[in-house]
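Line by line, the protein sequences are chains Y and P. Each residue of the first sequence is one higher than the last, beginning at 1 in the numbering used here. Each residue of the second sequence is one higher than the last, beginning at 1001 in the numbering used here.
Calculated directly from the structure, the hints in this document are not laboratory data. For every residue, glycine included, the Cβ atom is placed at its ideal position computed from N, Cα and C. There's no promise every hint is true.
Said to hold, decoys possible - Straight-line alpha carbon distances no greater than 27 angstroms define the calculated BS3-like cross-link-like pairs of lysine-lysine that follow:
| id | chain 1 | residue 1 | chain 2 | residue 2 |
| --- | --- | --- | --- | --- |
| 1 | P | Lys1017 | P | Lys1065 |
| 2 | P | Lys1057 | Y | Lys49 |
| 3 | P | Lys1065 | Y | Lys49 |
Said to hold, decoys possible - Quick look at which bits of chain P chain Y covers, simulated, 3 or more residues with Cβ under 8 angstroms:
| id | stretch |
| --- | --- |
| 4 | 1034-1042 |
| 5 | 1045-1058 |
| 6 | 1093-1102 |
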Amino acid sequence: AQSVAQPEDQVNVAEGNPLTVKCTYSVSGNPYLFWYVQYPNRGLQFLLKYITGDNLVKGSYGFEAEFNKSQTSFHLKKPSALVSDSALYFCAVRDPNFGNEKLTFGTGTRLTIIP
Amino acid sequence: EAQVTQNPRYLITVTGKKLTVTCSQNMNHEYMSWYRQDPGLGLRQIYYSMNVEVTDKGDVPEGYKVSRKEKRNFPLILESPSPNQTSLYFCASGSRGRNTEAFFGQGTRLTVV
């Protein structure tokens, strides 16, 4: 079975500082990994994904994520946080060998950028 | 504009009164799915559909029904809602292929009293 863990419910970062939102996963084979962001009263928006190739993936709004196979992690990062980055972030995994194409989500991390 | 549209956005209902939440996508996606979002639990899949007339249970299907008569629509039906179905519901769609991202609707906040 596939699973995702986001160990931090809440992350606070000062504006302008680098930010990291952590994610670890468990799948039977090589994973497909995704990050989504949810702003208040909005649906989830796709940020970036790792399928194969370069371990550093760049996405929307200046975010990037690093795939680390040995640590089974896919942490979301940004070099300089903006107040507008404050939102709820979800990591998700899909097992390429599992039948229904289901995305399995973590429990979410609320990111607050402090001005 | 490519989008997934859910209606209604907000709904308050009473226990036992049947309701339907509609979902429509304009991207010709084969795959559609319903999730519920609850604090501390993330998003959990309720039902999904890989194509017209093909539906299957997700992780938490009890108390829900779906149908896929047309490719663009995937309504969620609660035949007899109960308070434990109070939640935020999301519809999602995507192209066939496990390396593709899903597109989400804006959500439906349902309260069952």
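Outcome of the hint check:
Pair hint Lys1017/P plus Lys1065/P holds up; C-alpha atoms about 14 angstroms apart against a cutoff of 27 angstroms. Simply put, Lys1057/P and Lys49/Y have alpha-carbon atoms about 25 angstroms apart, close enough for the 27 angstroms limit, and the pair holds. Taking the CA atoms of Lys1065/P and Lys49/Y, the gap is near 31 angstroms; set against the 27 angstroms cutoff, the hint is violated. Only when three residues or more bring their CB closer than 8 angstroms to a CB of chain Y does the claim for the stretch 1034-1042 of chain P stand; here the count is 4, and the claim holds.
Evaluation of the coverage hint for the stretch 1045-1058 of chain P: fulfilled, as 5 residues show C-beta separations to chain Y shorter than 8 angstroms, against a requirement of three. Proximity of the stretch 1093-1102 of chain P to chain Y, defined as three or more residues with a beta carbon under 8 angstroms from a beta carbon of that chain, is established by the 7 residues found.
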